[in-house]
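Taken in order, these protein sequences are the chains called V and C.
Going by the numbering used here, the first residue of the first sequence is number 1, and it counts up by one from there.
Going by the numbering used here, the first residue of the second sequence is number 1001, and it counts up by one from there.
Note that these hints are calculated values from the structure, not bench results.
Yeah, the Cβ is synthetic: ideal placement off N, Cα and C, and Gly gets one too.
Among the hints, a few may not be true.
[Stated by the list, open to error] With a cut-off of at most 30 Å between alpha-carbon atoms, the simulated DSS-like pairs for lysine-lysine come out as follows:
#1 Lys-306(V) to Lys-1317(C)
#2 Lys-75(V) to Lys-37(V)
#3 Lys-1306(C) to Lys-317(V)
[Unchecked claim] Reference excerpt, derived from the structure (chain V facing chain C, CB under 10 Å, subset only):
#4 Arg-260
#5 His-277
#6 Thr-368
Protein chains: 2
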Amino acid sequence: MDDTSRRGVLQGMGTGMLTALAGRGLAAVPAPAPGRKLGYAIVGLGGYATRQIMPQFRDCDHSRLVALVSGTPGKLTRYAAEYDIPASNLYSYATFDRIRDNPSIDIVYIVLPNSMHAEYSIRAAQAGKHVLCEKPMAVSVAECEAMIAASRKANRKLMIGYRSRFEPYNQLAIQLARGGHVGPTRIITAEHGFNAQPGQWRLDRAMSGGGSLMDIGIYSLNAVRYLSGEEPVSVTAVESTDRRDPRFRTVEDRIDFMLRFPSGIVANCVSSYSSNHNAYRVNGTDGFIAMEPATPYEGQRMMIRKDGVTAPRVLPKPPKTQFVGQLDHLAICVMTDQQPIVAGEEGLADLHVMEAIYRSAREGRAVTLRS
Amino acid sequence: MDDTSRRGVLQGMGTGMLTALAGRGLAAVPAPAPGRKLGYAIVGLGGYATRQIMPQFRDCDHSRLVALVSGTPGKLTRYAAEYDIPASNLYSYATFDRIRDNPSIDIVYIVLPNSMHAEYSIRAAQAGKHVLCEKPMAVSVAECEAMIAASRKANRKLMIGYRSRFEPYNQLAIQLARGGHVGPTRIITAEHGFNAQPGQWRLDRAMSGGGSLMDIGIYSLNAVRYLSGEEPVSVTAVESTDRRDPRFRTVEDRIDFMLRFPSGIVANCVSSYSSNHNAYRVNGTDGFIAMEPATPYEGQRMMIRKDGVTAPRVLPKPPKTQFVGQLDHLAICVMTDQQPIVAGEEGLADLHVMEAIYRSAREGRAVTLRS
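Just chain V, same shape as in the assembly (with noise of 0.2 Å):
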């Protein structure tokens, strides 16, 4: 782990085990004063914003919900009564701009189908705000690098939801993989996939920018990066979509992929909307650091193989969820202007891999990247 995302993990613990790994000679952050919370404004209020994202906010320590955006009246009304937010804190897409004369917003987190992540990102960056996105950043790299340029302009934070990397278990995994536990990496198998519902936009292209890869392949894809910390150098996929299923109309269902790293490391990745998967597997010389399920919500269970023996490894219960540890490290990154560790260079990354994806599986052929 090399210094940047050593700190960058650091931001995602909480206090004790800074204190912890600070006796081990590890530098910390700066701490942001005690008790100060910024202003988050949830923008789209479906099923994860309402169910996984509001009700963190209880257990914050540096984030509170302020306002929220949407474009059901009915919405706006019900969570504001629930969370205790003033009217003039309630914004329809119309009035989204009007953002920009509200102090107490210091962070808009985007949960919007994929097409609108680019514009509200955008707007919001233009409005002064602070920006946390949802993945996959958005349907292209085009709009990843319009949004990293208007945040910059800006002078604001982009950081995207990669939830994963605040969660005690994919923590642990990337220090062991890319610490050599099992001796070095040789090949990482990553599989994710469910059953597509139908009649979500997920499935509307115009919505979504693409199907199983846009939604949970992402995770596959991230995964295989953050275990590996290499950029991968060539990509080649395999799209397996029945079009007489009324769900893929307009979206592949299975793109399973491989990547093939510099230090020559190659994985093997599951996309799927017809089958669920949760899993990844680092396999190196001498074992395997296995996780399934790898990236729910919460449940994560590892396995670890060394010396012939394979043994499960249990994590005492983290005080705080992956969810609260992602609004709190953009908070705090903000209060002591640090990168986010998942700023969005590291959306724009994943969506140059997709792209790529894609292109190799429609050409039928490897794609190179650029090292």
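With chain V held as given, fit chain C onto it using these hints.
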């Protein structure tokens, strides 16, 4: 499963299973005369032959060890004494063709380095003997075709040593996967590999014909073919070999590949000479059938996920090993004039795909196979 392959699976089962299945309306095959045993000659007295194969004859119902072929006189003396084989039934490679004049030899089992499989299989057929040949069947499609032609011309059986087809967990996995136990199959992952030790013939291309794919990756390939029951229509492969590693001067280390099948099934396969893998998983729309280890000499373990529950599936210890099942299967096929379930055509089918895997990795493109 079609009738041909069902009959084939039955031939790999013990009599008890045949009786049980007959009660379920499945036809049994002609039974050989009880107590009749065909004579095997083992060609090549390496570790696999002497440690795994030869001790199995004591448990066979229809096979016995009657002759040995080796270029090392000391091995012939040692194993002739151990297995009570008369001097008249010991051969060198120079005297090999004289097996023609030895009526006690019915079947010749070729356990030589890969590059010698074709020559000795063909010479055995020309000597009027049936042949069991280790996998890979040979080092090229052309050699496989010559072997099949020679056995046909001699009107003799030719079988390839795909031992997992005689192992109950693998037989059950085939039955469950093809029967849709976890819904239609969508994605199969299969991983096989080990850390190759320097100095073995398998690392010398002149003897092995290739690296991990020839030796261990073939298990991943063969498994996805028998689990799907289909032949792949396209092949995409990525190789990663550190040529500075003295083990890999002439053969590949890792070569991962993806196959697409006519029904839309995608297979994602690992083949490695620098990390340990032995697993496969059939992912259907409603769950999975997982085997790990999948293809060891013993100790297979199966997990099934269905209706949201993951549970082990434990079979009773079989009365006979997969090695015994394999030896007796060919003997029974000879006695009853049946085609072995893993005839030369099965080995040829793997070599067809393996040549496409090498070509795909070399040319960086998907290779289409005739369907």
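Which numbered conditions among the earlier hints are violated in the structure presented, ordered from lowest to highest?
Structure breaks no hint.
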